Amino acid sequence: MARIRYRDFDWTLLGFVLTLSLISVLEIRSATAMTKFHGFHTKQILFLLVGIALMFVASMVDYHRLLDIAYIAYGVSIVSLVAVLIPHIGQKVLGARRWINFGGGVHFQPSEWVKLVLIIAMARFLWGRAGEGKELSWKDVGKACALVLVPMALVLKQPDLGTGLTYFPVLVVGMFLGGMRARQAGIILLGLLVLGGIGFAAGKRLKPYQQKRIDAFINPDSDPKGSGYQIKQSLIAVGSGGVWGKGANQGSQTQGDFLPIPYTDFIFAAFCEEHGFVGATLVLVLYFLILVRLIQNAQTASDPPGTLLIMGLVGIMLFQIGINIGMCIGLMPVTGIPLPLMSYGGSSIIFTFLALGIVMNVRMRRFVN
Amino acid sequence: MELENFRREEKLPPQKLAIAQYVVAAVLLALVAGMWRLSVLGADSYRVLAEQNRVRKVPVLAPRGKIFDREGRIIVDNYPSVSCYLLREQTKNLDADMPRIAEGLHMTVDQIQAILKRYAYAPKYQPLPLKQDITPDEQAFIEAHRTELPELQTLDEQRRLYPRDGFMAHVIGYVGEVSENDLKQTRYAFYSPGDVVGKSGIEESYDEELRGQDGSRDVIVNSHGKEVGLMGQELAKPGRDLYLTIDLDLQKAAERALEGKTGAIVAMDPHTGEILAMASRPTFDPNQFAVRLSKAYWQSILDNPDHPLLNKAIQAQVAPGSTFKVIMTMAGLQENVAQNLTVSCNGGATFYGHFFGCDRHHGFVDIHNALPYSCDTYYYTLANRLGIDTMARYANSVGVGVKTGVDLPEEAAGTMPSEQWKMKVMHDKWYAGETISVGIGQGAIQATPLQMARALSGIASGGVLRRPHLVMDKELSADELSAVKQTFPGSGEKTIPLTPENWQIITDDMAGVTGPIGTAAEAHLEGVDFVGKTGTADVVSGRKKGDHNRNTIPNAWFVGMTPRRNPDIVVAVLWEHGYWGNNSAKLAAQVITAFVNKQREKAGNLVKVAAVKPQVGLGDAAPAADANSATTTPADPDAAHSPAKKDNE
Numbered sequence: 001m002a003r004i005r006y007r008d009f010d011w012t013l014l015g016f017v018l019t020l021s022l023i024s025v026l027e028i029r030s031a032t033a034m035t036k037f038h039g040f041h042t043k044q045i046l047f048l049l050v051g052i053a054l055m056f057v058a059s060m061v062d063y064h065r066l067l068d069i070a071y072i073a074y075g076v077s078i079v080s081l082v083a084v085l086i087p088h089i090g091q092k093v094l095g096a097r098r099w100i101n102f103g104g105g106v107h108f109q110p111s112e113w114v115k116l117v118l119i120i121a122m123a124r125f126l127w128g129r130a131g132e133g134k135e136l137s138w139k140d141v142g143k144a145c146a147l148v149l150v151p152m153a154l155v156l157k158q159p160d161l162g163t164g165l166t167y168f169p170v171l172v173v174g175m176f177l178g179g180m181r182a183r184q185a186g187i188i189l190l191g192l193l194v195l196g197g198i199g200f201a202a203g204k205r206l207k208p209y210q211q212k213r214i215d216a217f218i219n220p221d222s223d224p225k226g227s228g229y230q231i232k233q234s235l236i237a238v239g240s241g242g243v244w245g246k247g248a249n250q251g252s253q254t255q256g257d258f259l260p261i262p263y264t265d266f267i268f269a270a271f272c273e274e275h276g277f278v279g280a281t282l283v284l285v286l287y288f289l290i291l292v293r294l295i296q297n298a299q300t301a302s303d304p305p306g307t308l309l310i311m312g313l314v315g316i317m318l319f320q321i322g323i324n325i326g327m328c329i330g331l332m333p334v335t336g337i338p339l340p341l342m343s344y345g346g347s348s349i350i351f352t353f354l355a356l357g358i359v360m361n362v363r364m365r366r367f368v369n
Numbered sequence: 001m002e003l004e005n006f007r008r009e010e011k012l013p014p015q016k017l018a019i020a021q022y023v024v025a026a027v028l029l030a031l032v033a034g035m036w037r038l039s040v041l042g043a044d045s046y047r048v049l050a051e052q053n054r055v056r057k058v059p060v061l062a063p064r065g066k067i068f069d070r071e072g073r074i075i076v077d078n079y080p081s082v083s084c085y086l087l088r089e090q091t092k093n094l095d096a097d098m099p100r101i102a103e104g105l106h107m108t109v110d111q112i113q114a115i116l117k118r119y120a121y122a123p124k125y126q127p128l129p130l131k132q133d134i135t136p137d138e139q140a141f142i143e144a145h146r147t148e149l150p151e152l153q154t155l156d157e158q159r160r161l162y163p164r165d166g167f168m169a170h171v172i173g174y175v176g177e178v179s180e181n182d183l184k185q186t187r188y189a190f191y192s193p194g195d196v197v198g199k200s201g202i203e204e205s206y207d208e209e210l211r212g213q214d215g216s217r218d219v220i221v222n223s224h225g226k227e228v229g230l231m232g233q234e235l236a237k238p239g240r241d242l243y244l245t246i247d248l249d250l251q252k253a254a255e256r257a258l259e260g261k262t263g264a265i266v267a268m269d270p271h272t273g274e275i276l277a278m279a280s281r282p283t284f285d286p287n288q289f290a291v292r293l294s295k296a297y298w299q300s301i302l303d304n305p306d307h308p309l310l311n312k313a314i315q316a317q318v319a320p321g322s323t324f325k326v327i328m329t330m331a332g333l334q335e336n337v338a339q340n341l342t343v344s345c346n347g348g349a350t351f352y353g354h355f356f357g358c359d360r361h362h363g364f365v366d367i368h369n370a371l372p373y374s375c376d377t378y379y380y381t382l383a384n385r386l387g388i389d390t391m392a393r394y395a396n397s398v399g400v401g402v403k404t405g406v407d408l409p410e411e412a413a414g415t416m417p418s419e420q421w422k423m424k425v426m427h428d429k430w431y432a433g434e435t436i437s438v439g440i441g442q443g444a445i446q447a448t449p450l451q452m453a454r455a456l457s458g459i460a461s462g463g464v465l466r467r468p469h470l471v472m473d474k475e476l477s478a479d480e481l482s483a484v485k486q487t488f489p490g491s492g493e494k495t496i497p498l499t500p501e502n503w504q505i506i507t508d509d510m511a512g513v514t515g516p517i518g519t520a521a522e523a524h525l526e527g528v529d530f531v532g533k534t535g536t537a538d539v540v541s542g543r544k545k546g547d548h549n550r551n552t553i554p555n556a557w558f559v560g561m562t563p564r565r566n567p568d569i570v571v572a573v574l575w576e577h578g579y580w581g582n583n584s585a586k587l588a589a590q591v592i593t594a595f596v597n598k599q600r601e602k603a604g605n606l607v608k609v610a611a612v613k614p615q616v617g618l619g620d621a622a623p624a625a626d627a628n629s630a631t632t633t634p635a636d637p638d639a640a641h642s643p644a645k646k647d648n649e
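Chains as they are written, first to last, in UniProt numbering: chain Y, 1 to 369; chain G, 1 to 649.
Treat the hints with caution; some may be incorrect.
Claimed, not checked - Chain G stretches covered by chain Y per the calculated footprint, using a threshold of three residues with CB under 8 angstroms from any CB of chain Y: (1) 14 to 26; (2) 29 to 43; (3) 428 to 434.
Said to hold, decoys possible - A short list of chain G residues far from chain Y (calculated; beta carbon distances all over 12 angstroms): (4) K66; (5) P80; (6) D97; (7) P99; (8) T390; (9) D473.
Honestly, the hints are just simulated from the structure, not real lab data. Note that this is a predicted model, so its numbers are computed, not measured. All C-beta atoms, glycine included, are put in the ideal place defined by N, C-alpha and C.
Chain G extracted, bound-state conformation (with noise of 0.2 angstroms):
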């Protein structure tokens, strides 16, 4: 290129790159006089400076909030304790203290190497976690080694104390350190790593509100690690407690019922959504994931095939059987179905040349009978007289296939089939022929207990859907409350279509099965009015003649509540593996009278609620079911899908 304006012997002036050289040498200049009058006039006096002026942050840890029953009854509390930290940094000679530093907190060198090893990759600066809930005696240790040992150091904690033998380990999770998993997501973006948080349950959930904040002391220390003053301190602000609306009384009814078997009851107040209790089992034990989690208790919950860490009040999806017949029924008489149809039952009956069987020739069945009797056959005609997607439409506003919102981690939405969900999950078009069996609750349809237990509140409060909680909204400021509403989905209130007629009708018809010849007799209540539904729901389809192992044996529901207008509370039980519904009426029998007598306790009145034999297991369920249901027990229709008589089919 020809640079035209420039001829080559042209030039900057030479006399201004001469100054420039000059301007550099006196701002080096300058700058060495400043490093002389600090370095070499000052340096004694900076050298005691750095000798003794030096500030190290302790930090000083918020108790995690408490958490109590909705009567102000502690669950979870904190206690007092110790730790001893290693400071990394402050150690000339780790390996050679490390003989001294076993013997005094009596712990072997190999267990100090295994910290030190796990905790590689953290930065040097970050005291290590050496050993929590350290005794006096060891404290005294540490205290008496400050000079030779300056690498540990003690911190006061507040540690978990969570309800022994895992007493509503599902609703109150547990909390552990952060994992590096965590530290990635935004809601974790403020936590460092070794802070303990919240990893499931209401522990969880709310674990911004139960976490408070943490504050420091800034020590001055000496060069040997001395503490010799204090420059300042932030107090930590102790997290919120938090009250459940969970009532203890009726919790440990709960609990005690589900003792020894797997599954789930949901208590729940239908006109507030609080619930009353929630217990699944098996359980675990929280307070072992708060102190350091042993490798074989993680490999035993591993190991479990039942699953114990999974809520299955929130997290079990199973086909809900014949307690959907209520919803069924709600569905039919809104839609002016049911009103009109009278069916003859002889024990089933053929749709679209298959043919669905029914337990018993329950002969003309109409709405009135019809759930009481729980006559499959009738439902299968309402069913192919709705439709799929007008079953759809109904359960979905009672909330199956939905999330409920409830204020706990990882709830599952269940699922309710319809046309558009099977073009959409499995790319294929509904045959007409799978909404029979939808109709008793079988097929595609999965429902968790507390969908159920939700979706009998919205009909037997009239017509209200509320959103299920664990914690007390009046405990909750209202930005706390919105916020909470927020993270979770399904929130407010919605109402279903429901007429007052139809509801006395669903509600009357309820009746029946805790009648004496209902599917429910053997849980009637002397004196309470206690109604519901039972279900039996076959878990696989493809059984072999004779298979007796426990996975094929039916899932066991049932969905109560008392009174039967207006109920104060409903229940929903779901025993996996019970074999038939009547074995869960008789749990959920056990939380009502637990309520009842403590509403009567209440009120003054002494007369107790005679108390259901308790069901033990399924040593003595097996016995009632085989015995000639039609003489000494009432029909059980649902044992229809009982492993026996569904060979015939």
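The following block holds chain Y by itself, in its conformation from the complex (with noise of 0.2 angstroms):
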């Protein structure tokens, strides 16, 4: 039935994201050179093999099978981050609950996967919904907002803002393809903006970390020894690394240990001083690259919901990207959200390659049916 060749793989794709995936295990060999996650990058390169092992595997199944089983992962996804606050379930690391330990060293984090399922699920649930011409109604509004929003409400409920923010692009990109209308966008963001203000009047609702990081992007030299000193690390780190940068393995900031965690979500500060604005440049631009020639598969797909799951992925790397790399550069407050295919770390890595099998799958189906 299906014709699907390997010649119709995105090998161009997959060829700048693997540039970035070495530049990334390059930097995270060089940040952590001096300290103890020294051996990092090793541990890098075996997540980056899973991933793409993975990736291929994706990218066989037929997404519509995805879909069909898009409500069935929801639900499984919403009472894994229900028991992952129970105690008992929930291991709790450093004061939040978010993984569920299976034993023997084995954890597992369930809001890293939903973002997988939202993608597919809000595919699914714009199914018939969406399509040139096809304007949403203040219903489908509502129950996409739920599908969202309730998950999103777990994760801050462990608490884990950064994971639960990256939700909301699926969101954003459902409503904006799915065909929501413009005066029902409007009057959300009016909704949400004095909902916001009460929320911001009221002070309380953000925990007093939380407040202390928006007080020190406000005013670096507020909290010269918290969230105020990793903005003001960070910033000298890109700042000293000038035009060119220190080079490889001599960021004086990265390596005589003054940034913090230069290896997940500062990683791009240590790439900055390390490499300069020209390197950092040139990461910026692979970024750009991978984004269009991923909305350019997105245009080719071949009916509505393999658009969608490509533009769902679209969003959640647009929006990582620019809160992280904005976050180095003291444009956005500090979140703990790593930046895609450069950040240390299993998850994001195996989040990002089984996202990209689906993109894979979806362009090789362009001409089925």
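Now that you have both chains on their own, put them together as the hints suggest.
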């Protein structure tokens, strides 16, 4: 039936992705060279190999099968997010319950895979509702909001602001492409502004450390040892890198243990310090090529759900890139969001490559039907 | 699958996807602009900041709390010391610097290499201890070469100073670097590699109180590693001082009495459970552990067959021998069996077809002379009447076979056999014949010296069993106290079934033991109401004739107290392979002498107790045991279990 050929696999996209992954491995190696995390780059390579394998697996299963089971997977996600909040099931680490421990060193963070499930569930939900000239009813908008906001609330409860926020672009992209009317968007935005205003006035909704982060963002000198310290050290790292950077393994901020977590959330700052404005711009160009390539694939998809699947990933990736790099260069407050394809970490890599697998899947079936 | 809702040619609005591309471009351009602002426009000023504004955290170590005796005399002190640490991340070429470092610190390159190898697993940012207790000379060298050798760093520390010659070593314990295994335990969750923690004794059980909280100084350093300012600091919170229940005068007497022997002495206040003295031999030098432990010293400890690291007061589990008869007497009286029991002792008796020997023909023995004579025949009969489970009930009620809950780590529980115990441990039923030997403190029964001291304290104080402890309760806050009590099992007070009449009989009977014809007559103290019970416990049952290996010589026990009624102090002595109970009684007498003399001095009474002839070693003990016991020395019933006589059985 299906004419699936690996000639149709997007090798160009894979090339961009692997180039970025290689840069990531080299920077993790450099940033951890002098720390107790030395050797994390080899682990990162392992994660990448697993991710690539999973990408090929994901590219083989017809994405329509994924759409079929979307709601079941969504149900399981909600159950696991609730389970993680229950003491004895969810494991509390540093004050947040984010993991389910299966024993034997196997941990599972449901909030990560929920990203993928949400992309699929949103595509499934808009199935038939979306298409050229179609418009969403208020009821549809409400349902879509619930679809995203319920898991988001559960993740915020852990609390994990960073991961919770990454669900939001799925809703934005879905509504935008699904055919939300401008009036609806306007009313919702207004509502959000009012709600946000009330929340901000109450002030109590934020945890003290979150409040601190926002204060530190507005004025980095207000908390020179806490969040402000992180921002300041990051700004110094990026700024002192200059145009050409200090050279690989030469970043004094990174190597001297001044820049916090230079292999995960602040890896971009570490990279800027060592490779300067030129190196960092090259990385952004790579991101641009990857995202544009993804959008092109979305355009050629054989049906709207295929397009929505790819655009969901684009939304999440662009959101994470904007927030993470924005944080490193002082445009955004400190939020624990990893930089896709750059930050160290297994769950982030596996999510990205699984999603890329689905993209390939959609691409290879663009002539099918 | 059929997609009935979508036709092949149906698409999402293409112009929206084009908008998405512009959004992507806009976001990324904004980021590039942000970077331009920092890396191009701000590069110079940020470069200056990077050069200057670097903060390093230098730890400020909290001094450990000191340890005092009950009268405020210092036992464990600290002394200030400077150590040199190696910051591996501060060096460009360590190999090239090494000869200079070695010379300046009076070390060899090999020694430095060995330290690097030893800590090869440690993360690179962690400073490595290069040399402890460095001299002012070496300190000056480090200061003078700050620029060329930025990898050297000095750190002020407070080091532990323990009493010399292993005095009280088992009670105090020692400190050492927290091990990788320790770090995996929950109680050490907040410790980091390189931290110094209590490894045994009081140092371990009160580690949390003693350790305090380390502080730190945030020092601003320039790119050469030179300090240019202080950004902030967190002062160290010193550890808390502890006052022990130990009385140094009694402790000294106990330590002196055990000199050259193996065994343990425990003295405690039966009314409070406060341990007044606790000594164990052989001992070790905790100072050797506080600085780097030498291989030779560690090997010498491992090679010693008497296990110097073992606190025999709480960890030696041996048969209590005839000292157990005190508990048997209590059980017999409380069960109303002993009052009416008169036994005719003809040098032993037959139970269940097996002959159990007694050392002498005691003739008619009743409850009033059974304990002073230590007549085995009487206690065999009593045991046979009571049965093992009743005996176990009473023994357990005074803490035999149960942890005392003393505030020291790794206390041994001992064993009190019972029908249930045997079924559980040996999967076999109890035979009535086994009860007979348990009646004289032999067989499967095992107790620690502290258990025996506590058991006697419980009986002697009129029936209240208390938790023995080493840290003064009043020095701890209520929270700390309850935390300690939770940590150690068997806490709290227990009441023993003991009527005042029976209590009087037992304590009176014990007076006979130290009386002129008692088994501990040699330990008699003129003018002191010192009473007790001897015990001579076989260590090997299948001994061969003429075997005079030291390890087959019986253990000598003694438990005693003064005065007879409502005693102020109870002493338990275990002299391993000390031959017979009388020898241990003389050691106990030395502690009692120190105690009584101190009491009298305080009361203004200048009459001192005449000291008992010190017992130096087995050379002295052996002739006494060999002498004709019937005429020159009081009969030692326990000698029945001495090697020579046992051969006849």
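Task: Least C-beta distance between T390 of chain G and chain Y, which was stated to exceed 12 angstroms - done: Fine: 45 angstroms to the nearest Cβ keeps T390 of chain G off the interface.
Task: Distance rule for D473 of chain G, whose beta carbon must clear each one in chain Y by more than 12 angstroms - done: Nearest chain Y Cβ is 35 angstroms from D473 of chain G, so the label holds.
Task: Separation of K66 of chain G from chain Y, once the least beta-carbon distance is taken, above 12 angstroms - done: 33 angstroms, holds
Task: chain Y versus P99 of chain G - minimum CB to CB distance exceeding 12 angstroms, so not interface - done: Since the minimum Cβ distance to chain Y is about 24 angstroms, P99 of chain G lies beyond 12 angstroms and the statement holds.
Open item on the list: For the region 14 to 26 of chain G, count the residues whose Cβ lies under 8 angstroms from any Cβ of chain Y; is that count three or more?
Closed with: It holds, with 8 qualifying residues against the three required.
Open item on the list: Checking a non-interface call: every C-beta of chain Y should be farther than 12 angstroms from the C-beta of P80 of chain G. Is that right?
Closed with: Consistent with the label, P80 of chain G stays out of reach of chain Y, its closest Cβ about 29 angstroms off (over 12 angstroms).
Open item on the list: At least three residues with a C-beta closer than 8 angstroms to a C-beta of chain Y: is that true for the region 29 to 43 of chain G?
Closed with: holds (count 12)
Task: Verdict on D97 of chain G as a residue remote from chain Y, using beta-carbon distances over 12 angstroms - done: 17 angstroms, holds
- [ ] Go check the region 428 to 434 of chain G versus chain Y for me, would you? Three or more residues, Cβ under 8 angstroms, otherwise it fails.
- [x] With 0 residues in contact (Cβ-Cβ under 8 angstroms with chain Y), the coverage given for the region 428 to 434 of chain G is violated.
This entry does not satisfy hint 3, going by the numbered hints stated previously; all others are met.
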